[in-house]
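Chain order of the listed sequences is Z and H.
Going by UniProt numbering, the first sequence opens with residue 1, and the numbers climb by one from there.
Going by UniProt numbering, the second sequence opens with residue 1, and the numbers climb by one from there.
In case anyone wonders, no lab produced these hints; they're calculated from the structure.
Here the structure is a predicted model, which is why all the values come from computation and not from measurement.
From the three backbone atoms N, C-alpha and C, an ideal C-beta is built for every residue, glycine too.
Treat each hint with caution, since some may be false.
[Stated by the list, open to error] So, partial list: chain Z residues that the calculated Cβ filter (under 8 Å) puts toward chain H:
#1 S57
#2 H58
#3 N60
#4 R61
#5 L62
#6 D65
#7 P76
[Said to hold, decoys possible] Residues from chain H that keep clear of chain Z, each with C-beta distances beyond 10 Å, as calculated:
#8 E19
#9 P62
#10 S113
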Amino acid sequence: MITTVSSIMEKDLITIESMDSVDNARQIMAQNRIGCLPVMENGRLVGIITTWDVISSHPNRLVADAMTAPPVYVEPTASLWEAKEKMDKYCIERLLVVEKGQLIGLITKTRLYFEIAKHFDILTQLNKKDYIIYEGVKLLRSGKEVSIIFIDIDGFGIIDKEYGHIFGDLILKEVSDLLKVKVPTDCFLCRYGGDEFAVLTPYKKERCIELAKELLDAISQHEYSIKVNITASAGISGGRREKGRFSGNYVDDIENLINLASLASTSAKRNKVPLVVAEGFIPSKT
Amino acid sequence: MADSSVSSTKVEITLRLSEFEMPPMQDALIIGRKAPIGFEAARRMVDILSPNQYEVVKIQHPTIEAVVIRKALMQMVARDRLISLILEEGGKVANEATILKVQLSIVLCVSKSVDL
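Just chain H, same shape as in the assembly (with noise of 0.2 Å):
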């Protein structure tokens, strides 16, 4: 007696494409002490993918390890301001194990009286 029942499996696929952000951090980047990369992995990534844009620094802290900066971004604000406002805003989300993407955005303002 022939086997009266029919199986089949199938498979559904979904593409979906966007682009790839170069490089692939935004302004900084928080590296916690047990994230999945460190101090070293951080540098030579940003000096392979976008040379002389960023500068790692090695900081003191309980669970950050490294703070991954655009370099743009310190011709306008001092270095160690902008590491120390990261840190404080960061510090309070970041955890060990958790690399944070940093978007920072800096204006400007200037206002100035000029004599008639």
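The shape of chain Z in the complex, shown without the other chains (with noise of 0.2 Å):
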């Protein structure tokens, strides 16, 4: 599951008609302490007047000489961070969801920001698994190819409980910021989980395989701060998209490459082997 805009957008709005002021518009964001007004003709979301259109205009003209249009919006089904991509590229602070060509909330920047960050890792400065999940339906779109490198630190455990939970943390940290230098910039980092990180790459099994070798080694061949060797196991999972074996339900099919790379660095840590590439595929949820 990816949090969508659904989850957190606003569903009571107040709407105005093309055909009515700019001065009444004034008045009903006064009056609800609101930032803004999707605009409506004849049942049909035609724009959207801002305080800032308001501002910029005389009070007497018609809001369709005064409002922004055409509205952006997003679907309901959007991840927060194709909301955040939208506003970015727009400049705007509020985004319209719409759903079959029908207006059914409202989202601020506010209220993603505040969401988004719940999907960032403080501790290491990485994104969640939302974020690579959002990044691979955007590979899979594009038709581009996709792979996970999941890497699992080995023997963490025993780590917090012969040095403490403080001097874990730091060895997650270094990891994380070893791993930010060696993940190449078209790929995608996240810390998955306690001592989990998963790589989203576009990159072929062959190139996968090397990469996620050149990160092990990085790992294990790094200086930590406590005096401790650390090595990771990795799963890798996809890489072979001419095999068509995606289910067309992308997040669904992104969430059990994840798994499958999971699973396979699991197998990876029981076997004593540093690497160990999936070969099946997990049937889609729906």
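Reassemble the complex: the two chains are provided individually, in unrelated frames, and hints are given to aid placement.
So, in structure tokens, the structure goes:
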């Protein structure tokens, strides 16, 4: 499951007609303490009027002559990052949510950023898994290759028990800093869970295996601030798009790939090998 | 003791009657970006007051948002030529907040020589 716009949108919207006056829009905004009004014409969404539009227009004007049009919107199934990308692209503070041509909600930048912050790990300064699911869906949509490297630090529980959680956190921070440097710019890194990291790549299996080896080497060869040997195991999935095993529900597909890679990393650990490549494909949940 | 001062207030009313021009604009209007009416209001106004007689054109200009032109004029001079002429002259005096009424007279001069 990935957090979507529908879970954070405001649903009780006050709208205004395009033939109303800017002065009336100003009054409605002031009375309701809101910063924008979606503009409707014959039940159809035609634009949005914001406080900025009101300030910069003559109060006698029609809303139609002061509004921002066409309206920028997302679908309710869009991820938080898709919404953020749109807000950044159009430099807007509010984004409408439209489903099958009907206005159903609105999200503000403040609310969106608050929600996105929940998907960011403060210790490692890395995004959590929702972010790579979003980027993975983008790769699949654009027809690119997708593969996952799931990295799990070996015996991390022992480090926590022997050195304490403060030093455990320090190791996690150092590993994540290392990965940030080593992961290529066309890949996406996240902290998946406690001592687990995931890397989304647009590479075929062979290139993905090479990268995983480089990352594992970097982790094991690094000199950590507490003198301890750290190694990690990795699982790899995907990188064989030509086999055409994707379901079409891209979120499910990426989640399945992550799951496969995670199981492969467990298998690597169990078999005391650094790397296992998952061969199967878990059927979609739906 | 009675108050001897008397005061009164009078209102003087003057009426000035004149004919309301129909349509209220003449040959063209230049509408500023922050004028009390914009493109959409102007379009609806001319559609209601003088259907099919005027065209409202949205303009890419720092201070002018739209120009309303009588269609009949565009039968005599090409649309783009007319708009650029109006913007060239009107742009010198128009500002963002104004709506300028433009009177435009086109005189066609034809001179031909024929064989006797």
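Hint check:
no.	hint	result
1	S57	holds (7 Å)
2	H58	holds (5 Å)
3	N60	holds (4 Å)
4	R61	holds (5 Å)
5	L62	holds (5 Å)
6	D65	holds (3 Å)
7	P76	violated (30 Å)
8	E19	holds (25 Å)
9	P62	holds (14 Å)
10	S113	holds (53 Å)
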